[in-house]
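In case you want the letters, here they are:
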Amino acid sequence: MKLKVKVPGLPEAARLRRYQPGHPLVDGPVLIASAGGRVRDVLSAVIPSPSSPSPAAGEGGSSRWAAILFDGTAMRAIADLGKLHAFTSQTFRNLRPSGRLILFGTPPEDCSEPEASATQRALDGFIRSAGKEARLGSTANLMYVAEGAETVLESTLRFFLSGRSAYVDGQVIRIRPAKPVPTQDWEHPLKDRVAVVTGAARGIGAAIAETLARDGATVVVADVPAQGATLTEVANRLGGTALQVDITADDAPQRIAKHLVDRYGGVDVFVHNAGITRDRSLVNMTPEQWTSVLNVNLQAQIRINKALVEQKVLRDNARVICISSTSGIAGNRGQTNYAASKAGIIGMVQAMAPLMAKRAATINAVAPGFIETAMTKAMPFATREIGRRINSLNQGGLPVDVAETVAWLAQPGSGGVNGQVVRVCGQSILGA
Amino acid sequence: MADLRRAAILGGNRIPFARAGGPYARASNQDMLTAALDGLIARFGLQGQRLGEVAAGAVLKHSRDFNLTREVVLGSRLSPWTPAYDVQQACGTGLETTIHVANKIALGQVESGVSGGVDTASDAPIAVNEDLRRVLLQINSAKSMPQRLALLRKLRPGQIVPETPRNAEPRTGLSMGEHAAITAREWEISREAQDELAVASHQHLAAAWKRGFFDDLVTPYLGLQRDQTLRPDASMESLAKLRPVFGKNGDATMTAGNSTPLSDGAATVLLSTDEWAKQHRLPVLAHTVDAETAAVDYVYGGEGLLMAPAYAVPRLLARNKLTLQDFDFYEIHEAFASTVLATLKAWEDSRYCKERLCLEKPLGPIDRSKLNVNGSSLAVGHPFAATGGRIVATLAKLLAEKGSGRGLISICAAGGQGVVAILEAA
Ligand SMILES: NC(=O)c1ccc[n+]([C@@H]2O[C@H](COP(=O)([O-])OP(=O)(O)OC[C@H]3O[C@@H](n4cnc5c(N)ncnc54)[C@H](O)[C@@H]3O)[C@@H](O)[C@H]2O)c1
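First to last, the protein sequences are chains A and B.
Residue 306 in our numbering is what sits at position 295 of the first sequence, and the numbering runs on without skipping anything.
Residue 145 in our numbering is what sits at position 144 of the second sequence, and the numbering runs on without skipping anything.
What the hints contain is simulated information worked out from the structure, not anything from laboratory work.
All of these numbers come straight from a predicted model, not from anything done at the bench.
Some clues are possibly wrong.
As the list claims (entries may be wrong) - If you only want the chain B side, here are some residues facing chain A, beta carbon under 8 Å, derived:
#1 Gly-49
#2 Asp-217
#3 Gln-226
Claimed, not checked - Covered stretches of chain B (chain A as the covering partner; in silico rule of three or more C-beta atoms under 8 Å from a C-beta of chain A):
#4 262 to 275
#5 279 to 293
Claimed, not checked - DSS-like, lysine-lysine: derived pairs with alpha carbons at most 30 Å apart:
#6 A:Lys-202 - B:Lys-279
#7 B:Lys-346 - B:Lys-279
#8 B:Lys-346 - A:Lys-269
#9 A:Lys-269 - A:Lys-202
#10 A:Lys-317 - B:Lys-371
#11 B:Lys-371 - A:Lys-269
#12 A:Lys-388 - B:Lys-371
#13 A:Lys-323 - B:Lys-279
#14 B:Lys-403 - A:Lys-317
#15 B:Lys-211 - A:Lys-317
#16 A:Lys-269 - B:Lys-211
#17 A:Lys-323 - B:Lys-144
Glycine included, C-beta positions come from ideal geometry on N, C-alpha and C.
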């Protein structure tokens, strides 16, 4: 279990609300306000019995809100932002523990007037600051919903409302128009989907496989042959198949493609999770340390993606999710190789996104911050304790937090989220 | 009776073979076979499925393991509604179980099944000696405590010495290696030729591991990731240094380097009809064609203990109207290098073929580059009952890689027996 260490001067970590099957979407009343926007109807449709701000009760009065939602998609002038301030300043303190502040805007780059762009972009700075002020495990996130993307908002809205997004904080997500795919069963949104997870024998990969299986997917778990014993356990626990493969091997793309075509006729979800670190200061880094990290973390993904696309292994509506790292965004001492590889992933994701969109498919990067795994357990105490604490939630995340984020992006209904980088870092001050 | 169907081999899984007393020293037959079976289940996604049957066995078996394979199924992720039974035919066990399952598939009795075997030389059963066993049985049936104590007092130290299983033929008192040494001398198999075969076995196995051939055939177990006996750097020079261990005279040629070591391990094979494979979207690697078992009278009949395959193969070839040269791969179990070489020499010997095998002309030589191309028991190790499953899965994958052709399997076994079979590419 998690180590509870009290560090003087640092606030205690709140226990985060995390999703369990059967949990309701939110654990209390939800307040919805708008400055006359486009997504209000979607919000009201998803949330069972939303409340509206009532002036008599002082904008929500003394209720303890599980979530407060603000539709700012129609805001075009700086003056409009006053409504946001008025609403949130009244209600923010009444958020329950693990509450949610979710803002909806229009992508600034879609606005024609400079002031409209400025207004929308202002939401970005606002939400990041609100995230830092939120207490007791509450989070603040911003969704930029492009015109026409209202129909594909639901899976993302549900993710951020629920305990699935426990450690996702201070994030800005763009949702673009895509082919709407209705979800029948929100407890099993991945039903009938075939998903591959690399590096699934342990750690974050095993958690991803477990979460995808929980959500209804048939999973193929892949890892190096040396990890075969634990890989077998994961596969047998989840009722999936084990694929022993070193993703850097020459024939790995071919073997993976063949396994998927032979056994499943293709694949719907591919999660590139396998990754390694070989930390060394730049001046001391050997070519071997450099090459092995770039090969496993980046080159292998590129080769496998190429094979999956060229051989049409990815089915329509496929989802590719690549595990990056906040180190790839912020950089990290001793990790020039690792950060280069993880930043490279973001480049690959952004380049492939338009191609994927043509087939109603998506590719996204998930960048974990400090996640409690065997890797982080091995860090020296002080480094580890700092890594854990330098984020808005004052704690490290769990492998399941990364897994839930992957599972959301994997949903057939998440086609509106493409080419993006979602950090799972509790709003770490690194790589913000 | 139903029309015969072809039995398909879909793949296999084994654990790396270990040296006796090595990393699996504390693992039981049941532990190892369960690990191999669970790996097979994971590879093919068989969790919770009811298969037609699981047939496996062990040569060195505890009496408590009377229902070994069924217990393994119950401890595995297969459906507990999958029946299972044990087979024991010495080193032929693994291949014999494959033949059993394949035959039932051919006859329409089952649609799918797993064959295999396991052995541990580390956790071998130790029996009390016969005298002690009798006294213990009497004590058990004695009516009163004084009677029991009286019986106990009659025990003598010599009666308490345990009987460890010996690798010896009950009817000759000779170990298998000593038998093989006699055959080696008869056939004048040189030390160099034996060492050459052993070096080739190590080199072939090392190359196969290196190119990832075993990535989908082996699952690590208890920290062991590769066959422990494998010496990638084995050479004629290193083998030449070893002293002979079998054979009594000055011309003894058999060493620990060209004989298989005592080993621990387990192997499994998945078989089914083509139809079942298709329904489960599992590619077929190979089909079983036919099999033959032979036995020789090594006690009074003047034949070598391990020479039965020499008899089984011509019978199998004749029935299938094939010649010995009609194969793309030969998997001849390397119990001892000399056994393989004596068998090959016998097939080339016109007199032997005529007088012993009753053939008009010798079977002739084989293309040695097609022999044990990915190594065999000298390098892999030889947990007796596990070897058959290892060979079947290896050959099936070789045939699938080649995409055509046929392979011959030949396994010699204790008691003067030999089990041989033909597979062909799917
Ligand atoms: N733990 C964290 O805090 C953290 C933070 C940011 C990013 N990440 C990333 O998350 C991913 C998972 O990390 P983790 O902490 O679970 O690591 P881990 O080391 O516990 O697991 C990684 C898995 O990948 C497998 N793998 C390595 N090389 C492989 C190869 N060539 N082929 C196939 N499989 C291979 C390993 O065998 C292992 O099972 C990695 O990409 C890592 O960079 C982790």
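Comparing the hints with the structure gives:
Annotation: interface hint on Gly-49 of chain B holds; nearest CB of chain A at approximately 7 Å, less than 8 Å. With 8 Å as the threshold, the beta carbon of Asp-217 of chain B comes within range of chain A, its nearest partner Cβ sitting at about 6 Å, so the hint holds. Because the beta carbon of Gln-226 of chain B sits about 5 Å from the nearest beta carbon in chain A, less than 8 Å, this interface hint is met. For the segment 262 to 275 of chain B, the proposed coverage by chain A is not satisfied: 0 residues have a C-beta within less than 8 Å of a C-beta in that chain, short of the threshold of three.
Coverage of the segment 279 to 293 of chain B by chain A holds. Counting CB-CB distances below 8 Å, 3 residues qualify, and the rule asks for three or more. The straight-line distance between the Cα atoms of Lys-202 of chain A and Lys-279 of chain B is roughly 23 Å, inside the 30 Å bound, and the hint therefore holds. A C-alpha spacing of about 43 Å is found between Lys-346 of chain B and Lys-279 of chain B, which places the hinted pair above 30 Å, so the restraint is violated. Under the criterion of a C-alpha separation no larger than 30 Å, the hint pairing Lys-346 of chain B with Lys-269 of chain A is inconsistent with the structure, at around 42 Å.
Taking the CA atoms of Lys-269 of chain A and Lys-202 of chain A, the gap is near 23 Å; set against the 30 Å cutoff, the hint holds. Taking the CA atoms of Lys-317 of chain A and Lys-371 of chain B, the gap is near 36 Å; set against the 30 Å cutoff, the hint is violated. Of the supplied pair hints, the one linking Lys-371 of chain B and Lys-269 of chain A holds, its CA atoms being roughly 27 Å apart against a limit of 30 Å. About 51 Å separates the Cα atoms of Lys-388 of chain A and Lys-371 of chain B, which puts this hinted pair outside 30 Å; it is violated.
Of the supplied pair hints, the one linking Lys-323 of chain A and Lys-279 of chain B holds, its CA atoms being roughly 21 Å apart against a limit of 30 Å. As the CA atoms of Lys-403 of chain B and Lys-317 of chain A are separated by approximately 26 Å, the hinted pair is consistent with the 30 Å bound. Note on Lys-211 of chain B and Lys-317 of chain A: the hinted pairing holds, with a Cα-Cα distance of about 25 Å set against a maximum of 30 Å. Distance restraint check for Lys-269 of chain A and Lys-211 of chain B: the Cα-Cα separation of roughly 21 Å lies within the 30 Å cut-off, and the hinted pair is therefore satisfied.
Taking the CA atoms of Lys-323 of chain A and Lys-144 of chain B, the gap is near 78 Å; set against the 30 Å cutoff, the hint is violated.
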